[in-house]
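Colleague: Using the sequences and the hints, build the whole thing.
According to the working numbering, the first sequence is numbered sequentially starting from 1.
What the hints contain is simulated information worked out from the structure, not anything from laboratory work. Just so you know, not all the hints are guaranteed correct.
Unchecked claim - Label-pair distances were calculated between CB atoms; the ranges are:
#: 1; residue 1: Thr214; residue 2: Ala474; range: 56 to 62 Å
#: 2; residue 1: Asp40; residue 2: Thr113; range: 56 to 62 Å
#: 3; residue 1: Gly380; residue 2: Pro55; range: 35 to 41 Å
#: 4; residue 1: Asp518; residue 2: Thr296; range: 40 to 46 Å
#: 5; residue 1: Asp20; residue 2: Asp518; range: 19 to 25 Å
#: 6; residue 1: Asp20; residue 2: Ser268; range: 52 to 58 Å
#: 7; residue 1: Arg428; residue 2: Ala37; range: 56 to 62 Å
#: 8; residue 1: Arg270; residue 2: Pro578; range: 41 to 47 Å
#: 9; residue 1: Ala53; residue 2: Ser483; range: 31 to 37 Å
#: 10; residue 1: Pro475; residue 2: Arg267; range: 22 to 28 Å
#: 11; residue 1: Leu542; residue 2: Asp518; range: 20 to 26 Å
#: 12; residue 1: Pro244; residue 2: Ser268; range: 21 to 27 Å
Claimed, not checked - The calculated lysine-lysine pairs, modelled on DSBU-like cross-linking and capped at a C-alpha distance of 30 Å, are:
#: 13; residue 1: Lys595; residue 2: Lys271
#: 14; residue 1: Lys289; residue 2: Lys271
#: 15; residue 1: Lys289; residue 2: Lys276
#: 16; residue 1: Lys289; residue 2: Lys229
#: 17; residue 1: Lys229; residue 2: Lys276
#: 18; residue 1: Lys276; residue 2: Lys400
We put the CB at the ideal spot given by N, CA and C, even for glycine.
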Amino acid sequence: MHVVLAREPAGTVRLVRVADDGGTPDDAGASGPQVVAPDDLPAVVQDVEASSAAPPRWTWEDTNRWYPALLTAGVRVERGHDLRLARRILRSSVLAAGSALATGAPDDWDAMTPTPPGGAPATSALRRPQEESLFDLGTAPRPRAGGGAAAPSSDAPPDPLVELGAQTAAVAGSTGPGRLRLLLAAESAGALAAAEMHHAGLPWRTDVHDAILTEVLGPRPVEGRRPEKLEALAVRIRAALDAPATLNPDSHPDLLRAMEYAGVGARSLRKWELEKIDHPVVAPLLEYKNLYRLYTANGWSWLEHWVRDGRFRTDYVVGGVVTGRWSSSGGGALQLPRSVRRSVQADPGWVLVVADAAQLEPRVLAGLAADETMAAAGAGGDLYAGIVATGAVPTRELAKVGMLGAMYGGTTGASGQVLPRLSRAFPRAMGLVEDAARTGERGGVVSTWLGRTSPPPGQAWDAAQSGALGDGAAPDAATLARSSARSWGRFTRNFVVQGTAAEWALCWIASIRRRLWDLPAAADANSGPAPFADRAHLVFFLHDEVVVHAPAALAEEVAHQVREAAVEAGRLLFGDFPVSFPLTVAAVDSYADAK
DNA sequence: TCCAGGGGCGCG
DNA sequence: AAAGCGCGCCCCTGGA
Numbered sequence: 001m002h003v004v005l006a007r008e009p010a011g012t013v014r015l016v017r018v019a020d021d022g023g024t025p026d027d028a029g030a031s032g033p034q035v036v037a038p039d040d041l042p043a044v045v046q047d048v049e050a051s052s053a054a055p056p057r058w059t060w061e062d063t064n065r066w067y068p069a070l071l072t073a074g075v076r077v078e079r080g081h082d083l084r085l086a087r088r089i090l091r092s093s094v095l096a097a098g099s100a101l102a103t104g105a106p107d108d109w110d111a112m113t114p115t116p117p118g119g120a121p122a123t124s125a126l127r128r129p130q131e132e133s134l135f136d137l138g139t140a141p142r143p144r145a146g147g148g149a150a151a152p153s154s155d156a157p158p159d160p161l162v163e164l165g166a167q168t169a170a171v172a173g174s175t176g177p178g179r180l181r182l183l184l185a186a187e188s189a190g191a192l193a194a195a196e197m198h199h200a201g202l203p204w205r206t207d208v209h210d211a212i213l214t215e216v217l218g219p220r221p222v223e224g225r226r227p228e229k230l231e232a233l234a235v236r237i238r239a240a241l242d243a244p245a246t247l248n249p250d251s252h253p254d255l256l257r258a259m260e261y262a263g264v265g266a267r268s269l270r271k272w273e274l275e276k277i278d279h280p281v282v283a284p285l286l287e288y289k290n291l292y293r294l295y296t297a298n299g300w301s302w303l304e305h306w307v308r309d310g311r312f313r314t315d316y317v318v319g320g321v322v323t324g325r326w327s328s329s330g331g332g333a334l335q336l337p338r339s340v341r342r343s344v345q346a347d348p349g350w351v352l353v354v355a356d357a358a359q360l361e362p363r364v365l366a367g368l369a370a371d372e373t374m375a376a377a378g379a380g381g382d383l384y385a386g387i388v389a390t391g392a393v394p395t396r397e398l399a400k401v402g403m404l405g406a407m408y409g410g411t412t413g414a415s416g417q418v419l420p421r422l423s424r425a426f427p428r429a430m431g432l433v434e435d436a437a438r439t440g441e442r443g444g445v446v447s448t449w450l451g452r453t454s455p456p457p458g459q460a461w462d463a464a465q466s467g468a469l470g471d472g473a474a475p476d477a478a479t480l481a482r483s484s485a486r487s488w489g490r491f492t493r494n495f496v497v498q499g500t501a502a503e504w505a506l507c508w509i510a511s512i513r514r515r516l517w518d519l520p521a522a523a524d525a526n527s528g529p530a531p532f533a534d535r536a537h538l539v540f541f542l543h544d545e546v547v548v549h550a551p552a553a554l555a556e557e558v559a560h561q562v563r564e565a566a567v568e569a570g571r572l573l574f575g576d577f578p579v580s581f582p583l584t585v586a587a588v589d590s591y592a593d594a595k
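Modeller: Here's what the structure looks like:
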């Protein structure tokens with residue numbers, strides 16, 4: 001059953017129960033719309049959640065518009081339906097292509113911008129790029145505006161009841177109602193998990209982070225100056241180039257000019273290119289770039305702006321990537337460099353259970369393509385070793401680069417060379433990605449296993465294709481057409497794999513959060529705010545990897561549940577097809593100690 | 001003074 | 001242009 005939350009003009013909230021088939025629920029009893037004041041909502045939600053035989057699907061226009069305030073009040077819900085996310089999927093899915101929802105003109109739902117966690121409406125005008133540069137006032141990655149359990153804003157979207165009806169009809173009339181239902185449920189569960197992870201935050205030891213920075217960069221400098229290790233390297237760079245003290249190593253044009261003058265022979269400042277060059281400037285320059293990156297991206301300024309009260313919080317953007325992966329906004333949460341992961345530490349008496357899915361994408365491809373040979377190669381735990389064991393390729397490294405090339409569209413080097421052998425050994429899996437590539441090259445769309453569909457190429461792509469037509473077309477027009485066609489083919493090739501892997505990961509995380517909630521609360525443990533203060537809970541999610549913060553006594557049980565969740569995710573997607581999804585799981589004090 | 005874009009690198 | 005997918009975010013530059 002759905003419980004739809006609708007904001008009324010008076011500021012009150014109306015709860016309307018809707019059966020899963022779109023009708024009126026037959027457990028009439030207490031049903032009928034219920035109107036509550038916003039302040040009373042958490043208690044009402046809690047009550048419904050506790051008294052229902054099967055937990056209802058809380059249905060709202062945007063999870064972040066409602067759920068953060070519930071969490072702040074200590075209320076957690078089991079299931080949700082995020083209308084905004086669901087609509088985005090249904091509008092473009094080929095499975096629901098004929099539905100009224102998909103064929104209708106764009107409306108306010110399509111124009112909706114996601115609400116950041118904390119509930120404040122997104123006011124894009126407030127978001128401005130950085131206004132200070134590194135050495136005048138110090139880097140300032142800007143935290144989001146907002147925060148606090150703001151009342152839902154007044155720019156109400158159209159009626160959520162109407163929208164739910166349209167979505168239910170679109171799914172029911174689709175060519176894959178089961179798949180779409182699972183996809184929408186998983187996407188919505190992801191939205192709940194994302195809000196919960198924002199609420200809980202990732203445990204972050206400021207003192208440990210500071211110690212790392214001080215060791216690598218030297219003490220924190222006063223504003224406007226480089227850290228001493230960086231400054232020393234700048235001096236060495238200038239010396240190696242015989243350049244004046246005015247040479248600013250942060251200025252690429254300056255640096256390239258000085259390097260050209262010194263006869264270094266580099267065309268760019270990319271790391272891989274510098275590494276090929278034999279010149280005294282290379283070593284200090286590479287080290288400078290390395291430390292500079294740490295200083296600017298994850299230095300003291302980052303720490304000040306993104307870590308509060310021992311927790312790092314980012315805005316997870318569910319479905320922020322076209323393929324269905326999440327992105328994040330704030331703090332570069334999905335790019336935390338290994339060098340600072342030591343700072344992620346469990347609270348005293350707690351542990352971090354870190355799990356990642358081994359070779360997720362090729363395994364997903366095996367399931368997608370129903371390639372039993374490839375699935376069997378993965379049965380032993382190391383898919384690449386399994387591929388070697390079939391005799392398809394001689395080494396694990398070749399198996400790995402070959403599979404990556406197949407999924408990304410690589411054609412050159414070792415990965416291109418082993419492709420024919422992989423195609424012979426695994427015709428179904430290789431055939432599936434090849435078909436996806438051909439479809440993209442023609443300008444077509446492809447879909448993930450559960451029905452998320454790729455966007456069609458844009459106007460520039462169309463123009464490039466038609467530009468190559470006709471006798472008068474310039475030769476480079478044909479080149480452009482071919483290269484953009486191939487490029488789009490690489491995108492669609494990867495879309496089916498990356499997107500289905502994201503679906504597996506959503507099912508995994510959905511299962512994990514449900515299982516964790518079923519574990520016993522720890523009587524004497526206290527970590528962070530309710531409702532997770534005494535319970536194991538998710539604190540980080542990175543495409544194919546999760547971190548759970550758990551009372552130490554529950555470490556083994558959590559690890560077990562995380563593994564069971566992976567099995568469940570595999571079943572949800574691929575039923576009895578014998579593809580396995582093994583995990584690497586570690587219970588550690590510090591994130592740096594995993595794997 | 002503002003801001004889009006280039007170059008670069010972190011993560012999966 | 002590394003050899004190919006998907007991102008966020010840093011700095012600086014240079015034109016408006």
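Colleague: Of the numbered hints stated earlier in the document, which are not met by this structure?
Modeller: Hint check: 2, 9 fail, others pass.
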